[in-house]
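Q: Protein sequences appear in the order of chains A and B. According to this note's numbering, the first sequence is numbered sequentially starting from 1. According to this note's numbering, the second sequence is numbered sequentially starting from 1.
Hints in this document: simulated from the structure, not taken from any laboratory. This one's a predicted model, so the numbers in the text were calculated from it and none came from an experiment. Cβ coordinates follow ideal geometry from the N, Cα and C atoms, glycine included. Hints are not guaranteed to be accurate.
Selected chain A positions facing chain B (Cβ under 8 angstroms, derived; list incomplete) [said to hold, decoys possible]:
id, residue
1, D18
2, L26
3, D41
4, N61
5, G65
6, R94
7, N95
8, G154
Incomplete in silico selection of chain A near chain B, CB under 7 angstroms [claimed, not checked]:
id, residue
9, S66
10, E69
11, N160
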Amino acid sequence: MKAAKGTVFKYGDNVDTDVIIPARYLNSSDPAELAAHCMEDIDKEFIQKVQKGDIIVATKNFGCGSSREHAPIAIKAAGVSCVIAETFARIFYRNAINIGLPIIECPEAAKDICAGDTIEVNFDTGVISDITKGTTYKGQAFPEFMQKIIAAEGLVNYINQQ
Amino acid sequence: MGMTMTQKILAAHAGLEKVEAGQLIEADLDLVLGNDITSPVAIKEMEKMNVDGVFDKDKIALVPDHFVPNKDIKSAEHCKCVREFAYRNEITNYFEVGEMGIEHALLPEKGLTVAGDVIIGADSHTCTYGALGAFSTGVGSTDMAAGMATGKAWFKVPSAIKFNIIGKPDKWVSGKDVILHIIGMIGVDGALYKSMEFVGEGIQNLSMDDRFTIANMAIEAGGKNGIFPVDELALTYIKEHSAKAYTVYEADEDAVYDAEYTIDLSSLRPTIAFPHLPENTKTIDEIKEDIAINQVVIGSCTNGRLDDLRTAAEVLKGRHVAKGMRCIVIPATQTIYMQAMEEGLLKTFIEAGAVVSTPTCGPCLGGYMGILAAGERCVSTTNRNFVGRMGHVDSEIYLASPAVAAASAVTGKISCPCQLS
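Isolated chain B (complex conformation) (with noise of 0.2 angstroms):
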């Protein structure tokens, strides 16, 4: 029986010629991640430990963007708490205010994540980096203390799903629609304890861009990880970013998958995740009755990216928010803000009524920088919509693209770019 891409990483970094699912090993850490809320706990937990300081100061990344710049006097505590941490220990991938970013946009731009590695991060979203073929998930803050001090942490071995993507899609249709096709398709734990392992030709008509979005939400189908198989796109980014060694494992060809989807990429639609799950989906065809909104995100670990502010500015260029729209736009890092800054996109954000804010994840999880009062709606191109995840447990967050995003936050209610006049 052979192993999964992910299957394959493990073993190589457990030193095992073979691992199978449900084994339990130790595999050795490549980089390990934290941010502001994070941080502070796994430090805490470090100092509980009997270790000389951390296991390699140019293997672990700590970067505050939650609640950055500090929203109140105890994030900003929490914030020098990491920044001590950080100098104390020399760490050299400490990103502060003017270099951070949105951590899961920032360390693949950064040349932090490349194929074949192994990356823990105390945050779920860690998943993210599948797209450029490594293995990467969420862990808690004590896994990412024991992380940082042993350089080790302990897997179950996942089994896989395998998603064979086939198709080109249309237009108005992104990553992120295929990703909330995909969870509407299989539940919030669809893909619990799983891999989710993407493959096929139709691969190649998804932006790397499209990529990061796919893997990073492959924790709201519950799933350990999201990976990609390294084509010449994810090589071409791999080497424009990055000057780490590489590697770059294949699927066996009889690995063995608990499910097998096939989603084909042309049929797809432009999809939005209804209150208050990410699998409530729709697509904009199934959407009869008019959802009057009253503000928009644009941004976040799952589409703060240049693509994603590009298609946005697209669709608002030579338009205008409606009439007491709040329309956030939130550019996921520095260097994505100034290019979009280069290309016009700013100008026609702000020219179209909405404002951009400094990378963040503020109104996501309800942070700052957006929060909703009880009764509103948001059209967001975030990840999650649970109850009171923006802010008042009576307000409502449905997840969509960027696309769908900006042309809501023209009309004012639930819309595609398609149906703009």
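The following block holds chain A by itself, in its conformation from the complex (with noise of 0.2 angstroms):
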């Protein structure tokens, strides 16, 4: 699999999906239309600052709330190229991997890295090294399973192949 480096943007504990794309953007489901709102309610500036391959990095429950697919779509649509955090909500957590945006759980990262940083993740070790700081952290290696519909670009093109 391929490996991601970019800026972070740091967020806290309970990022919902609600803040990541208010429900009032979700009459659209168009990829670019959702991306251009994503993050507005907790980051204004989110939108015009992101950059291809950036990285978002989060504490404790990032995605809680509503089942809205939208979420990572929106992030993903975005240019980011994968999402750190302590812990993920459950459901979050399926969709990202079901369409094919890769996320990894790291305590340490979570907490340790800095808005700004420039950080890259490999994701077959789950490897996260700091370039910034210079550190490294080991990220939560998906289970075969799951890696198995991140290497298909997501569970659709997973289902087709079998």
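Hey, can you piece these two chains together into the complex? The hints should help.
A: Rendered as structure tokens:
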């Protein structure tokens, strides 16, 4: 699998799907339109600043709340290459894997890494390197079953391959 | 080592004698659910799959309920997409405006969810059906698409937290207070990835509507599902509403739990979750200052059922909402609406100065039918009080029971019926 490298946007605990993509925009399911409002209610500058490949790092329970797949879709369409968190809410976790947005649970990285750091993530090994700080962390590798879904770039392709 | 109630249901649907926490399984689905927000994305994903139609047209439920009656052109297009898919695939359980209701109130009422089922829904509050002894959990649109195509879903078998319910609640304490108390105690990620299994003699003192409310908000503690044992009351409900075959599962005596809590219903007080997380709870007695409010919403998949409307009407009967208060009452289904009308509840609401809406999720997720402006506060019987959930990012939502919501509408500040003259 490929690796991700980018600049970090850092958030705290319990970033919910309502702030990732507010429901007032859910009358659309177009990824580009959703991306234009990504993180709007928690960080108005996110969408102006985010560059292709950038990485979101947050602490506990990222993606809690609604089951809207629009949340990982918006994040992916905004150009984010990976989300790292201490823990993820379970529906967001499934949704991210199912649409092929790489996510990694790593409490140490989630705690230490700061906004603006440049970091690199190796999806095969789960190793996260903070290039700015010169530190490395070992994230939780995916179970084999999920690796297959991610390698197929989502559940739809995985099912088609079977 | 024995299995929890949830693990037993999952094992049976995976064709396995035994499962244990952490195991990845593929389970057969008894029902796949979607609404007008999540289904269009699922339909688009399903079209990319090499499949010929849905796995079983009787085991899919499509309920446009979030932005219907259509709030704008884009919502109308989404609903049209769902409607056309339903007709094209001859989906038995598609519910058009006029027959629809809020999905998690509607499906049990229509007899589509029974004990022992495995149900996925592209809506986080799909966990509601645990009140009937089903394993039901929220998923996203791609899982819904795969479920509609194959009739299967993959799960990581959850471990569980056991809540031993004892005692009898006071007059103005309901299922909403029970679940807010629990979320306040364990936090919004206190049951992350886990089952919340409710047991104990106190359950007999909780109505079916109380249980639906409690199971509904398991997701607000991060839970994968919430589940109740199937007692006489649940069996009576299932037999009254459904002709489907059901199976009663019970946890093994030696089932292992990650944690156990005892909840004494007699010690609970009306409980309110302050902005901006459902875990920020205070009992009515802990609120020392006056918290003035602008709006009250009584409804949603959490608290739009008949018991909820009866309680609200009991509080509002012979009273009037405070000057300047907007009190919005939303019966969750057409049947509930009709029953409320026949019992005179709607008359009570209108005489009290409240408005009554057709069934919709509208205000709960900031869609329409009660959006808040900057600086406004709402007491709501809904399930989330996140930043911007009901409108402007500078508005505030206080989650409460129908009793507290109705009393607050009368006084214009957060109140309990016991505080009314």
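Q: Each hint: holds or not?
A: Results for each hint:
With a least beta-carbon distance of about 5 angstroms to chain B, the hint placing D18 (chain A) at the interface is held under the 8 angstroms criterion. With a cut of 8 angstroms, the hint placing L26 (chain A) at the interface with chain B holds, because the nearest CB-to-CB distance is about 5 angstroms. The beta carbon of D41 (chain A) is positioned within 8 angstroms of a beta carbon in chain B (closest approach about 4 angstroms), and the interface hint is therefore held. Because the closest C-beta pair between N61 (chain A) and chain B is about 4 angstroms apart, less than 8 angstroms, the hint holds.
For G65 (chain A), the suggested interface contact is upheld, since its CB lies about 6 angstroms from the closest CB of chain B, less than 8 angstroms. Interface restraint check: R94 (chain A) against chain B, minimum CB-CB distance 6 angstroms, threshold 8 angstroms, status holds. For N95 (chain A), the suggested interface contact is upheld, since its CB lies about 4 angstroms from the closest CB of chain B, less than 8 angstroms. Annotation: interface hint on G154 (chain A) holds; nearest CB of chain B at approximately 7 angstroms, less than 8 angstroms.
With a cut of 7 angstroms, the hint placing S66 (chain A) at the interface with chain B holds, because the nearest CB-to-CB distance is about 5 angstroms. A least Cβ separation of about 4 angstroms between E69 (chain A) and chain B falls short of the 7 angstroms threshold, and the interface hint therefore holds. Hint on N160 (chain A) holds. Least Cβ distance to chain B is approximately 5 angstroms, under the 7 angstroms limit.
Consistency with the previously given hints is maintained throughout, with no hint failing.
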